[in-house]
Amino acid sequence: MVHKVLFWSGFGIAIRLWQLGIEMRPILAKESLWVYPLFAGVGGSFGYWMQGVENRQLKMLAQRREAILEKRRRRDEREGTSKLEEGAVLAAA
670 MVHKVLFWSG
680 FGIAIRLWQL
690 GIEMRPILAK
700 ESLWVYPLFA
710 GVGGSFGYWM
720 QGVENRQLKM
730 LAQRREAILE
740 KRRRRDEREG
750 TSKLEEGAVL
760 AAA
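So the mapping is simple: this note's numbering equals the position in the sequence shown, first residue as 1, plus 669.
Everything hinted at is true.
Pairwise CB distance ranges, derived in the manner of DEER restraints:
| no. | residue 1 | residue 2 | range |
| --- | --- | --- | --- |
| 1 | K740 | V704 | 49 to 59 angstroms |
| 2 | G721 | W687 | 24 to 34 angstroms |
| 3 | G690 | E735 | 43 to 53 angstroms |
| 4 | L738 | Y705 | 45 to 55 angstroms |
| 5 | D745 | L686 | 53 to 63 angstroms |
| 6 | A736 | L689 | 45 to 55 angstroms |
| 7 | F676 | L730 | 20 to 30 angstroms |
| 8 | P695 | G721 | 34 to 44 angstroms |
| 9 | K740 | W703 | 50 to 60 angstroms |
| 10 | R744 | E723 | 29 to 39 angstroms |
| 11 | I684 | L738 | 37 to 47 angstroms |
| 12 | E723 | P695 | 33 to 43 angstroms |
Since the hints were made in silico from the structure, they are not lab data.
All of these numbers come straight from a predicted model, not from anything done at the bench.
C-beta atoms are modelled at their ideal positions from N, C-alpha and C, and glycine is treated no differently.
Working from the sequences, and respecting the hints, build out all of it.
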């Protein structure tokens, strides 16, 4: 998780540098040094939020996968076949 927050913090600083480059202003002007931590904080906050989104998506995918596997197990039990029996029939043919 830390690597994503650090990446997006660095991305926020890179955006600030890009902004100053477009405006053709000095990068390390004394009056605007306070803005770098602000951009890093906003970028880091975005990275933290994205990590939470990714965790929720992975959890949802795992739940869906388990539901699908359970549904397949119930179908196989209802039909009276299993993967091993199907493999044995195919191997015998």
